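Novice: So the chains spell out like this:
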Amino acid sequence: MSSTFTRRELIKTGIGGIAVLAIAGCARSNGPASGAYNDPGYSYAVLSPNDRAAFAAIGTAMLDGALPSAPAAHAAAVVQVVRGVDVAIAGLTPAPQAELQQLLGLLSFGLTRGFAAGIWSSWDDASTADVAKFLESWRFSSVMLLQTGYQALHALVMASWYGNSESWARIGYPGPPSLQR
Amino acid sequence: MIPDPIVAGLKKGWDVRDCSKLDRDLRLEADVVIVGTGAGGGTAAEIFTRAGLKVVMVESGALLSSSDFHMLEREAYPQMYQESANRQTKDKAITILQGRTVGGSTTVNWTSSFRTPETTLAYWRERFGLADYTEKALAPWFRMMEERLNVAPWGEPPNENNAVLARGAAKLGIPTGIVPRNVKGCWNLGYCGLGCPTNAKQSMLVTTIPFALERGATLLTHCRAERFTLSGDSVNGLQCEALDARGLRNTPYSVTIVAKAYVAAGGAINTPALLLRSVVPNPHLRLGVRTFLHPVALSAATMPNAVNGFAGAPQTVYSDHFLQVQAVDGPIGYKLEVPPIYPLIYGTITQGFGQKQAQLLADLPNKEVMIALMRDGFNDESEGGKVQLAHDHSPVLDYPITPFVWDGLRRSLLTMAQIQFAAGATAVMPIHESAWPYTSWSEAQAQIAALPMQPLLMRVVSAHVMGGCGMGDDERRSVVDGTGRYHQLDNLYVFDGSAFPTSIGANPQLSIYGMVARNANRLASTLTGKTFQPPLS
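These protein sequences, in sequence, are chains A and B. So for the first sequence, the numbering used here puts the first residue at 1; every next one is plus one. So for the second sequence, the numbering used here puts the first residue at 182; every next one is plus one.
None of these hints come from the bench; they were simulated from the model. One or more hints might be untrue.
Cβ-Cβ distance ranges computed for the label pairs, FRET-style [unchecked claim]:
1. 133(A) with 420(B): 21 to 29 Å
2. 633(B) with 177(A): 53 to 61 Å
3. 425(B) with 178(A): 42 to 50 Å
4. 165(A) with 312(B): 36 to 44 Å
5. 42(A) with 466(B): 38 to 46 Å
6. 633(B) with 42(A): 53 to 61 Å
7. 120(A) with 410(B): 28 to 36 Å
8. 333(B) with 169(A): 33 to 41 Å
Rough simulated footprint, nothing fancy, chain B against chain A, three-plus residues with beta-carbon under 8 Å [what the hints assert, rightly or not]:
9. 38 to 46
10. 103 to 111
Facing chain B, from chain A, some residues (calculated, C-beta under 10 Å) [stated by the list, open to error]:
11. 79
12. 88
13. 132
14. 155
On a predicted model such as this, the values are computed, not experimentally measured, just so you know. Ideal placement from N, C-alpha and C gives every residue a C-beta, glycine not left out.
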């Protein structure tokens, strides 16, 4: 009990949060590349291989029930989600982009990911249930840094998927009308 | 084939320079330089060029026009909105929709065009000494701009999304009105927020800016105003950075513009930030404070029949009832309206994730969404936010939501749920992390009363940024005078929504047009020695 309590209190003070971000910032480039999420031949503007694995796992959990269920179609949709997130982050001005890079650093590095998100395995080995548990804990966290982190991830994933015409049939959106130009 | 007036104008040789293509520094001279091309900058550009003045317009966004407008959110948000439509307050509790393209927010707004309410003007006269801000004195300027931009109450039946507001309110005895819109030959498509693909919307992009360019004005795009340079009590130059083709990062090149008069019209947040970067005199520390947002609460209803909230003129019915039931400086009042429902923005604001959220989004055509806009700035408990500069000198708005504002947000959730149920909703869900679809008015009443009104749990958005360079006759309590002139400098003017001393209590575009029409004509008279009156009708 005491170790959980201490960790929570540490992060609550905010000092822990900043320390975690600092470690993540240093460690970012040293993280091992993840193998399972694979999108060869596509040139990502900002997401590192680790970041892509993170968004594949987060996207799969966040869009559970929204993505196509057939395995091949599901995998293709996840690729679309991750690519969309990459485009969205690349389109931000330097200040918000730097903030997101900090968040991604935190989620890439095993130790900080474990402490902050409770995901001790690699993203590829994390189950959808584990990822959902992490997202739910951040969503209602009393630590503002984590709560805003959840909202940033939510905004990126939802914008990526629901901005994509492939998501529209399920929700009944017919798309824009065609104009005789 | 829909004619594109911008493409045609460029072919004719308008002086439009995309600064992302510069290969050296640029220096220009003019009578007036205008920073920003939205409601304020566009209106001023037309008035100055009509007066025969040489105008340079500076815009950090791109020049996009009807041929580029494909009614797709994934294109429009990154291309035409500040921070890809995800500009946020400092604590990230409020997301702000604000334009960043030629025409500013007028290119992407939903066309609602209300005159400044008399209640608001009376408050300005009483509290800020703005004696000539009367309905009567402003009427000719509003009339001039309404005629210029074809403003008229929407003549077609409202779409179902708006009809729900009219119907539910009528059942409860709450009066509603029809929204005046600045459109000409509107196709009733519903995609105003992503750039009008038919040029029906009479935004600055297709009206005043072409007028100015046709008469020799210069437009610089991808050009970010960095700071005014000062000499004594005057501005003697404007320093700008040329941006890359995506408008994100500086290129090595800068642009210097020297003029007789300098007009800041980059919109609230950006205008105070530009002045802060310029280190203009700020003896009473009023610069950037009292920035208002009309903080918005959202309520999503499920209707038994298709609503198709993405189709048809997006905002055509409103109610001012809850602005009028209490004194203007009493508990915060709110205006009720309806937004368009597009999939990206709806997916983003809808709470939760996974199976539960997938369910909430499953029947988009049956969703009806209502919004309540808080009239902030009329009470000591509602002082708005403060614009500051981040380390990289980009603007940050610190807007703490006070208990006074939370109270209004909660009351508005109750109001909207009651109206939606009265109109036949089978379920109503406040946009709040802890809310779910309530299936009866009594359940909604109990649950909304218990919802924690906290940042990041309660979703708060804004599409109207005002203040930060507030007008007033007393420089200890204001930044500019009633003519828009900066109190401590003799040739710097603020001609945009940042000059408002409070929020407006209505969608602000026509308030900006009217105020700027008068003030730009005054400045044109000063610069030319001639008198300009609004055309009488």
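Novice: Under 10 Å is the threshold here; is the Cβ of residue 132(A) close enough to any Cβ of chain B for the hint to stand?
Specialist: Since chain B brings a Cβ to about 6 Å from residue 132(A), closer than 10 Å, the hint holds.
Novice: If you check the beta carbons of residue 633(B) and residue 42(A), does the distance land in 53 to 61 Å?
Specialist: 42 Å Cβ-Cβ, so the 53 to 61 Å window is violated.
Novice: Taking the CB of residue 333(B) and the CB of residue 169(A), does the distance hold inside 33 to 41 Å?
Specialist: holds (38 Å)
Novice: Cβ-Cβ distance between residue 425(B) and residue 178(A): within 42 to 50 Å?
Specialist: violated (33 Å)
Novice: Does residue 88(A) pass the interface hint, meaning its C-beta sits closer than 10 Å to a C-beta of chain B?
Specialist: Check passed: Cβ of residue 88(A) comes within 7 Å of chain B, closer than 10 Å.
Novice: Grab the minimum C-beta distance from residue 155(A) to chain B and call the hint holds if it beats 10 Å, violated otherwise.
Specialist: holds (5 Å)
Novice: Using 10 Å as the Cβ threshold, decide whether residue 79(A) counts as touching chain B.
Specialist: violated (16 Å)
Novice: Taking a Cβ-Cβ distance under 8 Å as contact, does the region 38 to 46 of chain A have three or more residues in contact with chain B?
Specialist: violated (count 0)
Novice: Can you tell me if the region 103 to 111 of chain A counts as covered by chain B, using C-beta to C-beta distances under 8 Å and a minimum of three residues?
Specialist: Violated - the region 103 to 111 of chain A has 0 residues with a Cβ nearer than 8 Å to chain B, which falls short of three.
Novice: Holds or violated: the 21 to 29 Å window for the beta-carbon distance between residue 133(A) and residue 420(B)?
Specialist: Hint violated: Cβ distance 51 Å, outside 21 to 29 Å.
Novice: Quick one: are residue 633(B) and residue 177(A) within 53 to 61 Å, going by C-beta?
Specialist: This hint is violated: roughly 41 Å between Cβ atoms.
Novice: So does residue 165(A) sit 36 to 44 Å from residue 312(B), Cβ to Cβ?
Specialist: 55 Å Cβ-Cβ, so the 36 to 44 Å window is violated.
Figure legend: structure checked against the earlier numbered hints; hints not met, in rising order: 1, 2, 3, 4, 5, 6, 7, 9, 10, 11.
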